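*Asks:* As a plain string of letters, each chain reads:
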Amino acid sequence: MNRITPTRRTLLTTSAATAGATLITGLSGLINPARAATVAPTPSMPGGSNNYLPGAPIVERIGGGGFWMTGTVRRAGDGTALEGIRIQIWAHTTEGHERDPHSHGATLTDAQGNFRLEMPQIVPAFGQPHAHLAYDDPEFDTVFLRPIMPSASDTTLDAHFVLQPA
Amino acid sequence: MSAQRAALIWSGILAICVVPVLLAAYSPYLAWRQPVYIASGFAGIIGLILIFLQPLLAGGYLPKIGMRRARMVHRWTGAALVLAVIIHVGGLWLTSPPDVIDALTFTSPTPFSDWGVIAMWALFAAASLGAARAWLRLPPRIWRLAHTALVVIATLGTIVHALLIEGTMEPISKAILCVLAMAALFKTLRDLRSVALLRTVLRRS
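Chain order of the listed sequences is U and X. If you're matching positions, the first sequence starts at 1333 in the working numbering and goes up one per residue. If you're matching positions, the second sequence starts at 143 in the working numbering and goes up one per residue.
Misleading hints may appear alongside valid ones.
Listed next, with one range per pair, are the computed distances between beta-carbon atoms [claimed, not checked]:
(1) X:215 x U:1387: 53 to 63 Å
(2) U:1390 x X:263: 37 to 47 Å
(3) U:1442 x X:313: 48 to 58 Å
Stretch-level coverage of chain U by chain X, calculated; a stretch enters the list once three of its residues show a Cβ under 8 Å from a Cβ in chain X [claimed, not checked]:
(4) 1370-1382
(5) 1429-1440
(6) 1451-1459
Chain U side only, calculated, beta carbon under 10 Å to chain X, not exhaustive [claimed, not checked]:
(7) 1398
(8) 1424
(9) 1425
(10) 1426
(11) 1462
(12) 1478
(13) 1480
Calculated directly from the structure, the hints in this document are not laboratory data. Being a predicted model, the structure only gives us computed values, none of them experimental. Even glycine gets a Cβ: it sits at the ideal position worked out from N, Cα and C.
Start from the sequences, fold in the hints, and give me the full structure.
*Replies:* Listed below in structure tokens is the structure:
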């Protein structure tokens, strides 16, 4: 029987190979997360539920529009796109403050799990240009998001939900 | 100091104090904000300006005032600074209570809130030390070290807070005011030999 006596060289080679393998696995996970066996649910963000008014009505658009809030909704685990999910949206815009009821509105996802709702331009408030989104219906666990716009002059903002069945 | 030079310094100080306020007043965002929120933002800007002035008064650098009178003005400016912070936080509270609760409990999603709250408490403590100086009867050097340490925290906290915020001040005038506030603080600390004082106190204890 051969005894394995690790020299400095074998040790270095093995660790380099392991590191390389880890890197490849990690990167492929980043490139194609949908292929992962389970999709983790999106956690609520701190401050996401601030100035939430439950039961925002489903609307064609909030106010005069000009800005697009877009995103996707998928189910945790298998990552299936979810249709007909109500997403509530509110923000400080050119037409109103976060606490104004007319700043709030909701929309439903399509068959591909996408949602998009037109709303007035978001204006920086409390130090950051940001929006609030909520999923708050019985079928899945409640999730509140608070995405930040990379630039205050952006006219669109993306937010993605992965919901955990309740 | 010649009258001309004094006038020059005073005009410089005046410009440093007024320009950031004017530029902020021209912000297009103001059109979409409520008066309370606007007042709260300007109270914050005025607070930062007073933070720039405070070490200059404490160090006696403002011409034609004299050390005694400068220290007296320093006390009143300190009181005005506390009032500015109260209006700043109070106005934010009226605008959006949950965001202020998040900030005060250090659970806010915005890091600048934490810096602001740290600076606020340090400022209140520094001002309380000032108000209670006669009553506390601390040895003068201990009092001064404590006041200075709190002021350093309040100033650095305020500067980080301000620099991370988007949408209240014009960015370039904000950066310049922050650098000047920092410079004023460190010039005073050096001239009043605060570090040397700290070393002496530490050696004796």
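*Asks:* For every hint, state whether the structure bears it out.
*Replies:* Here is how each hint holds up against the structure:
1. One distance hint, 53 to 63 Å for the beta-carbon pair residue 215 (chain X) and residue 1387 (chain U), holds here, with the actual separation near 55 Å.
2. The hint said 37 to 47 Å for the Cβ distance between residue 1390 (chain U) and residue 263 (chain X), and at roughly 44 Å that hint holds.
3. Range check, residue 1442 (chain U) to residue 313 (chain X): Cβ separation about 40 Å, and the 48 to 58 Å hint is violated.
4. Only residues whose beta carbon comes within less than 8 Å of a beta carbon in chain X count, and the segment 1370-1382 of chain U has 6; three or more means the coverage holds.
5. Chain X is given as covering the segment 1429-1440 of chain U, and this holds because 3 residues of the stretch bring a CB closer than 8 Å to a CB of that chain, at least three being needed.
6. Check on the segment 1451-1459 of chain U: 5 of its residues sit with their Cβ under 8 Å from a Cβ of chain X, so the three-residue criterion for coverage holds.
7. A distance limit of 10 Å between C-beta atoms decides the matter here; for residue 1398 (chain U) the minimum to chain X is near 13 Å, and the interface restraint is violated.
8. Nearest Cβ of chain X to the Cβ of residue 1424 (chain U): about 8 Å, under the 10 Å cut. The hint holds.
9. Evaluation of the residue 1425 (chain U) hint against chain X yields a held restraint, the C-beta minimum of about 7 Å falling below 10 Å.
10. With 10 Å as the threshold, the beta carbon of residue 1426 (chain U) comes within range of chain X, its nearest partner Cβ sitting at about 5 Å, so the hint holds.
11. Given the 10 Å rule on beta carbons, the hint for residue 1462 (chain U) holds: about 8 Å separates it from the nearest Cβ of chain X.
12. Because the closest C-beta pair between residue 1478 (chain U) and chain X is about 6 Å apart, less than 10 Å, the hint holds.
13. The interface hint given for residue 1480 (chain U) is met, as the beta carbon of that residue sits about 8 Å from the closest beta carbon of chain X, less than 10 Å.
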